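Take the given structure of chain P and dock chain S to it, following the hints.
Listed below are the residues making up each chain.
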Amino acid sequence: MESKFYEKDKLLVFKMTDEIDDHNVQKIRGKVDYEIERYMPKRIVFDFDNVSFMDSAGIGLMIGRYKFATMIGAKVEMTNVQGSVKKIFEMSGILRLIPIIEDAKAS
Amino acid sequence: MKDKFDNEMKLEFISKSSNEAFARVAVAAFAAQLDPTIEELADIKTAVSEAVTNSIIHGYEDKQGLIKVMCRLIDNKIIIEISDKGKGIEDIEAAKEPLYTTKPNLERSGMGFTIIESFMDSMEIESILGLGTKVTMVKTIKEKVENEEQEFQMLTNE
Chain P
1 MESKFYEKDK
11 LLVFKMTDEI
21 DDHNVQKIRG
31 KVDYEIERYM
41 PKRIVFDFDN
51 VSFMDSAGIG
61 LMIGRYKFAT
71 MIGAKVEMTN
81 VQGSVKKIFE
91 MSGILRLIPI
101 IEDAKAS
Chain S
108 MKDKFDNEMK
118 LEFISKSSNE
128 AFARVAVAAF
138 AAQLDPTIEE
148 LADIKTAVSE
158 AVTNSIIHGY
168 EDKQGLIKVM
178 CRLIDNKIII
188 EISDKGKGIE
198 DIEAAKEPLY
208 TTKPNLERSG
218 MGFTIIESFM
228 DSMEIESILG
238 LGTKVTMVKT
248 IKEKVENEEQ
258 EFQMLTNE
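Residue numbers (the numbering used here), protein chains in the order written: chain P, 1 to 107; chain S, 108 to 265.
The shape of chain P in the complex, shown without the other chains (with noise of 0.2 Å):
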């Protein structure tokens, strides 16, 4: 996973990569809980474009980082998720909140 943060915009943009699911949902978290205490972003967007595999896991850990950047009153989307991981999105209602966009730099 790499995380892209710009400044202007006070924008941070992780690429998630790989499988999501309950094995590697930690490390995921842990990663992205430390970039979003450095930068303090405004805006958060999860890319979704390389994510080969994800489970319900994906679910408590967007809800998770949802509930961790409101705290710190910032916005998060996602982007490019399509397929099962779409599916899975949809059937979670976790759309409501984070909803999908279709570029990450275009606000």
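Fair warning: there could be bad hints in the mix.
What the hints assert, rightly or not - DSS-like, lysine-lysine: derived pairs with alpha carbons at most 27 Å apart:
id, chain 1, residue 1, chain 2, residue 2
1, P, Lys87, S, Lys249
2, S, Lys251, P, Lys86
3, S, Lys249, P, Lys86
4, P, Lys31, S, Lys210
5, P, Lys86, S, Lys184
6, P, Lys4, P, Lys75
7, S, Lys117, S, Lys194
8, P, Lys67, P, Lys27
9, P, Lys27, S, Lys210
10, P, Lys67, S, Lys203
11, S, Lys170, P, Lys27
12, P, Lys87, S, Lys184
Keep in mind the hints are simulated off the structure, nothing from the lab.
Since the model is a prediction, treat every value here as computed from it, not as a measurement.
Just chain S now, kept in the frame of chain P:
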């Protein structure tokens, strides 16, 4: 149900979370014999991942135990049984409810069984407290040849 299956395989592994990926990839490789679409294969992988994770997190909690995965192919159906000898589920109906979780502090979404139910054609849970849990799920892989023929007929009818 016929008592003879077209093909059958069994896996057994210990309840380590690194085996979640192993289990879903192994089942997907076996299911590939039915020539599923990428979407059908993703559905199967997700359902297996949910059930195996449940056995590890809820069935065995921090203890180590064995998880068994049995897969059977019959015609164009895959039947997957995932079982553990863990602590069992107290209230199966509650566990099936979306967002129900006994471990909310660990960022569990409580969507595991809901996802299995909607990604597979059917799901059945058998559980005895103190003895373990078995989840059986079935998915029919749709015939692609027929679809192509139908498409061809539709095109030629126009």
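Results of checking the hints against the structure:
Between P/Lys87 and S/Lys249, the direct Cα distance comes to roughly 19 Å. Compliance with the 27 Å bound is thereby established for this hinted pair. Between S/Lys251 and P/Lys86 the CA atoms are separated by roughly 24 Å; this keeps the pair inside 27 Å, and the hint holds. Distance hint between S/Lys249 and P/Lys86 is fulfilled; the C-alpha atoms sit about 22 Å from each other, no more than 27 Å. With a C-alpha separation of about 22 Å, the suggested pairing of P/Lys31 with S/Lys210 holds against the 27 Å cut-off.
In summary, the hint linking P/Lys86 to S/Lys184 is supported, as the alpha carbons are separated by about 25 Å, within the 27 Å threshold. For a cut-off of 27 Å, the pair hint linking P/Lys4 to P/Lys75 stands: about 16 Å separates their Cα positions. Among the hinted pairs, S/Lys117 with S/Lys194 is consistent with the structure: their alpha-carbon atoms are about 22 Å apart, no more than 27 Å. Simply put, P/Lys67 and P/Lys27 have alpha-carbon atoms about 18 Å apart, close enough for the 27 Å limit, and the pair holds.
With a C-alpha separation of about 19 Å, the suggested pair P/Lys27 and S/Lys210 falls inside the 27 Å cut-off, and the hint holds. The suggested pairing of P/Lys67 with S/Lys203 holds, with an alpha-carbon distance near 25 Å, which does not exceed 27 Å. Distance check on the hinted pair: S/Lys170 and P/Lys27 sit about 21 Å apart at the alpha-carbon level, within 27 Å; holds. For the proposed pair P/Lys87 and S/Lys184, the alpha carbon gap of about 22 Å is at most 27 Å, so the pair holds.
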